[in-house]
Amino acid sequence: MEEWIGGIWDRWITQTARRDHPEAAVHLKDIEKTIGVLFRALGGDAGLRVAAAADTTHGARRRLLERIAGVHERTAHAALDMETLRLPPRIAVFPAPTFNRDLYIWLAAVAGSAGPALAGKYAGEWIVRNQFAAWVTLQRYPGLMPRYRRLVDALLAERIAPEKLPEDEAAQERAVRQALVEPGTVTELPPLTRHKAKPLQPVPLWLYPAPPSVAAPRKKDPQPGEAEDNEQPKEQQAENKRYQANRDELPENESPMILMWRAESIFSWAEYLRVNRALDEDENPDAGRAAESLDQLTVADGEQRVASKVRFDLDLPSAAADDLLVGPGIPLPEWDWKRRVMKPDFCRLQTMVAREAEPQPLPERLRRHARKLKNQFAALAPVRRWQKAQPEGTEIDVDACVRIYADRLAGWHFSGAGAYLNHRPTERDLACLVLADLSLSTDAHANDEQRVIDVIRDSLMLFGEALSATGDQFGFYGFSSLKRNFVRFHEIKPFDRPLDAVARGRIAALKPGYYTRIGAAVRRSIQLLEMVPANRRLMIILSDGKPHDIDLYEGRYGIEDTRMALIEAREAGIKPFCVTIDREGAGYLPHLFGPAGYTIVRKPEDLPDRLPLLYAQLTGNA
Amino acid sequence: MTAQQNDLPFYEPAGNEIDLFEHAHRNHLPVLIKGPTGVGKTRFVAYMAAKLNLPLYTVACHDDLTAADLVGRHLIGDGATYWSDGPLTRAVREGGICYLDEVVEARKDTTVVIHPLADHRRVLPIDRTGEVLHAPDNFMLVVSYNPGYQNFLKGMKPSTRQRFLALRFDFPDAAREEAVLIGETGCDEMTAKRLVSIGRSLRALKDVDLEEVASTRLLVYAAILIRDGMDTVEACRASLVEALTDDLEVAAALDEVVLATFGR
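Chains A and B are the protein sequences, given in the same order.
Going by the numbering used here, the final residue of the first sequence carries number 622, and the count climbs one at a time with no gaps.
Going by the numbering used here, the final residue of the second sequence carries number 264, and the count climbs one at a time with no gaps.
Simulated from the structure, these hints should not be mistaken for lab results.
All values reported here derive from a predicted model rather than from experimental measurement.
Watch out, some of these pointers could steer you wrong.
[As the list claims (entries may be wrong)] With a cut-off of at most 20 Å between alpha-carbon atoms, the simulated EDC-like pairs for lysine to aspartate or glutamate come out as follows: (1) Lys388/A / Asp64/B; (2) Lys29/A / Glu249/B; (3) Lys388/A / Asp109/B; (4) Lys388/A / Glu249/B; (5) Lys33/A / Glu449/A; (6) Lys198/A / Glu167/A; (7) Lys374/A / Asp246/B; (8) Lys206/B / Asp609/A; (9) Lys33/A / Glu212/B; (10) Lys196/A / Asp168/A; (11) Lys372/A / Asp247/B.
The following block holds chain B by itself, in its conformation from the complex (with noise of 0.2 Å):
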């Protein structure tokens, strides 16, 4: 257990997420989590599987992802062939979490085997091998999706999203992404209060000035990049500013909110 403690990836709590997350497992619920990019969907998911002892397969999904990439496929090798699974087919085979991430922008066909696994019946039907798939008692479903996007062709089916408990992830508050920081790189606690109030400000400009705001993530590559021993304003531009807009009005601005804040 305490090998096991050790082996945690770090992972600052918002609120019950955590107990949320183990009531569904106890009750095989499926979860979608939902969020902006970089705000720790995916980190979360790591952290859960780690304490739940659970083996974890991520599947990144992109437009060209198939029911069949999913479940698996045949392969052939000296004059026969061998079925192999796919990540959904071993995680439901051997238990474990599934997390699906950006599900939204998985091919339609995909619904066709995450719907029978997400509700009461929690089975995986696998048409080329014929066989009917029981998921085990410790096999969960996660997906996640960033609902920021106004896009009309893609959009989660109302069919879909209710088959899952959901659980909405958003920027952390102060406190606790200075923690999220010093834990994630150990960088000290002026750089790490400096950097959130940059993040801080320029989240203020969210569909004003910005179509994407500064995520967690961001702020952790230029809290790395600083206690690599490089110049903040040189680590802010390149993490923060460049990344955030293309605008060289808008990233003479941004320039002047770190110039503000790690100044010479």
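In isolation and in its complexed conformation, chain A is listed as follows (with noise of 0.2 Å):
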């Protein structure tokens, strides 16, 4: 009974007491990705992700009907770093949407515009800094001038007024109030005189200091390739959003005798200790709800698990659970850059099947896309039409009959036109060969949601859809490695087979491992292009790094090797394109592919829709 008056009151006291309007919030989420190309085209950096900002408590004066039902106690503000530009995971300030909507966009606008004053040129003052940046902004884009009034008079009229508030507050307020009205005419944020005063109300039109970047040095960073421990504890990664955080010294205990707290006092959630819990395996089901509540999480650097410490290599899976091997290894030179000679015989290759690959349609959220890749897609295909004066065909080609005349007539006799129309599918005959990475480091979070590796089964399930459109021939083919005599190239789709629910499966079941022996895998894809008959040949690879393999096979060897390969396969009359999400593959693509024969794509999660892009772009009008 308690407990059932107890919730009727809560819902109540919260509603009434509420000043924020749910009915007309607008969530980051659903205007995201136009607010990502407006932050960018009013002059952000392109490099900069847009993401969710952390509730914090802001400690200002509420109102009491607030304060009893303790709500407005936090709110997320905007912020703009290095890294990201944060924006409130929603906006509610305003009872119309439109309005909600617009302070958005303003944010957006100022981050973009502004963003480079805000961020270190011009010092001074928080206050003084969102001043300039307003100015900023709104000289530039004049036309943001009549919505920034209606959102300063909207704000002004939800504020609590100068009036009630205590006279140093009040000050602080009218400071505000003058500063969001004409920008760039506050100097300084009259001071707080009494002790028990409290901070200015939040201002949502106002980009806030970043939260500590929690980006400080780390001591020991992975090695890269090395098994990397990608675990995140899954609360956290179930809500998106992110935490402030520090990073922090794991306070050093010299003396173990010596306890470093008072054993008497009593720890909360929010104090860290230096506990051996490295090797603790279970997962504090509470730790998410008690991380949301606090305003700070402390991460500190301690010693890395046991287990990393140690480099090793990986083991591989027993022979029952790994994939099938079909046929005996196959094998494949190697460039050897420092002696300039190729190695024979120096890889074995080993094809391989997934062993538990159901067949399954594709996945639903997949297939409004895929629908209107295969739309896009089937204008590619090869259509009939006429073509001109050809030796045969059902129909005259008067013109040309024509011309042929009027040479006759002129004298002259040898024109080897033919003289009719013939309608024929005109050929692409086109065969694409896509090469995937499955190398350990797609193991890595592409985002918060995805992995490399789940971006590369979308692309993979996509770009079939798009593929199958056209009538080319494709295949589709995945590749890692672990040492020389163990290159693992696994067969997803190969030529002579639909793309069927079995190749599905097999995408499906697609999973990272060991390392990135890009040479071998090159030749032997050279091979099997050259088993398709077709005029012209392509090789996409998808690719997130350097080559590398716990042998030899690194640094400049690999990438020698890998150019070697690339090279005999433009000898083969085969284009290598490699689309990458490597972001420092600048550095090394265009000796591998040549200027124009790579493509970075610089956020993995736009790969699905990239690549049919890319494809329609690099073979169109063929």
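Mind assembling these two chains? They're in different frames, but the hints should get you there.
And the structure:
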């Protein structure tokens, strides 16, 4: 009974006290893309990403009712730092959705156009910087003025009036109001005089200082390619929200005999201690909730897990659990750039087929997109069209006949052109092999929800649909490697089979593992492409990083071998093209693929969209 | 001469391209102009033709364009045939600039006639009539193409491109683009400034959110609509936003960029 009454009371008081307007809320995830484009268009750095900001306690004065109900205690501030533009995950400040949307637009515009000014060049108090940013933005984009006016008017109506505040707080509030109405006129924020004075009410139109960055230099960076511990606590993955965190040194306990804390004190979630949790396997189910209610998480750089201290070779799964081997290994050569010789039969490539790949249909979430792509790509499919001046055909080419006749009359008898029109499909006659990198690095997270391997899977699914629509011959293969004797070459969709449930099942069963010995995989792909009867052959390599294996295959050796393999491809009349998500790719890819032979997809999650477009671009007007 | 000056089409130079073109013309060298769409390649050639007082023969190349289309053909008349010169032949015979726009689009066999004309030989052999035409001093071959498209099936062979002097055109800087808008459409300075600001904002999105970005030509269209009394935001939407993207969310963002500049 008590609980029931309590529940009702809580609902009632919360609803009554709420000053925001949940019914008019605009969510960041709905307009994220628009905001991102706008931010970049108005001058924002294209390398930045847009993310949801964390709630923080603002400590400002609230109305009595709000205090009773315990609402509006925390709010998410917009902030800009070197890597991210943080915006509140939802805005419900105003009663009209258009106003809330306008607020997002305004924040993106300020961050985009005045971001650099806010970030550093222009020193000064926070309030001065924000006025300056607003002023710059309005100067550069005068069209925002009416919108800014509307937002300020609406915001002032929502704020607690200075008359209702104690004197020092009222002075601050007046300064903020003036700064909002006429940006650039307030030079400083009057100080609070009383001990118990509350800080300013949040100003949603302004950008707040970015929370301390978690990207403080870490002592030990995991070696690339080495087994990284990518497992994140489940709770945190589910919640698409950032926590404010700071990185701290783990307090050193110099003498094991001295307790580092007072034994009688009671610890809350907010404190941290040096407790040996490194081997703690269980996840604390409450951690997520606790993190939610903390203002700041402290992350300490402790020792690494025992396992990751040792640089070790990855264990192969037992033969029974591993994918099926197809036939004996295929010997392939490798290029030694130092000795400048091709080492014959140096690698052994093993074709594999996924063991437990249940045939499956196209996942529901991709279907709409797939349908769209199919329609678009049907336009690339060979259409029947009249070909002029053919030696034989169903109709007479009047134009050609006239030309030949005229040539004859003029005494020119050697016209080689035919006089017929022929109606037949123009042959694209194109074969495309997609070679996907399945090394362990694809296990890394591309964004909060997807790993790189997930993105690769989606890309292959959608790309397959698009390719089926064009009628071009295509094959999908994946590769990874574990030293030279075991280059794993996964057969996903061979050229001679359609893209069916089996192939989709194999795409879905792709697992990241091992390293990137790309040269051998390219050489095998050349062999496969040469077996396909086609005029033009294209090899698209999906990669996420440099060639790398744990034997000598790294650095210059790996790159030079890959380069040699690609030269072999070109000699065989195959056009290699690389699509990478490795941002540092621009350093070595021109060397491998030439200036027009690669593209860097900055955001991995765009890959499923970009790949078909790229293909259309590469092969259009064929 | 004065009458000639009045007929000059509007052109706002970016650098020394006029000078270079004149040198090329004096020394009988062919010119290759490359650059994205809508930055004034064609206008520049028209301007130079007027300035040098040369007739201009423009051929927009397409994938069905053969050497015969450039050189000419026989026509039938009253029991006899007449040879009709193609645009290239006419330019060689009479002198003038022959401008092959988007030359990479043309069929491969066009190189047969382009190559001997573009190097020191400066001859055009016409196999149908058995003639070999020698280009006069005032003949000039100009070709253009847009290197932006990454299409491995289309491209310019090195043997072709190494016969030309090359000029690169790019989007003009803000001041020059404003001058272009004002000179081209007679719009007021404020409109020009704002349109250029929109154009530059949209160009920042190249390769990230947009594949092709706003050309000067599109900005000119917008300025024309605005000068004609159309609502600024509507004009920009029609000429810029919808011309650049089909994606609704991106279009919404581009709309916001327009609103941020011209808003109400």
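Structure-based check of each hint:
1. Restraint check for Lys388/A and Asp64/B: the C-alpha separation of about 10 Å stays at or below 20 Å, so the hint holds.
2. Note on Lys29/A and Glu249/B: the hinted pairing holds, with a Cα-Cα distance of about 12 Å set against a maximum of 20 Å.
3. Pair hint Lys388/A plus Asp109/B holds up; C-alpha atoms about 16 Å apart against a cutoff of 20 Å.
4. A distance of roughly 43 Å separates the Cα atoms of Lys388/A and Glu249/B; the hinted pair therefore is violated under the 20 Å criterion.
5. About 16 Å separates the Cα atoms of Lys33/A and Glu449/A, which keeps this hinted pair within 20 Å; it holds.
6. A C-alpha spacing of about 11 Å is found between Lys198/A and Glu167/A, which places the hinted pair at or below 20 Å, so the restraint holds.
7. About 17 Å separates the Cα atoms of Lys374/A and Asp246/B, which keeps this hinted pair within 20 Å; it holds.
8. For a cut-off of 20 Å, the pair hint linking Lys206/B to Asp609/A stands: about 16 Å separates their Cα positions.
9. A distance of roughly 18 Å separates the Cα atoms of Lys33/A and Glu212/B; the hinted pair therefore holds under the 20 Å criterion.
10. Distance restraint check for Lys196/A and Asp168/A: the Cα-Cα separation of roughly 11 Å lies within the 20 Å cut-off, and the hinted pair is therefore satisfied.
11. Taken as a hint, the Lys372/A and Asp247/B pair is honoured in the structure, with Cα atoms around 13 Å apart against an allowance of 20 Å.
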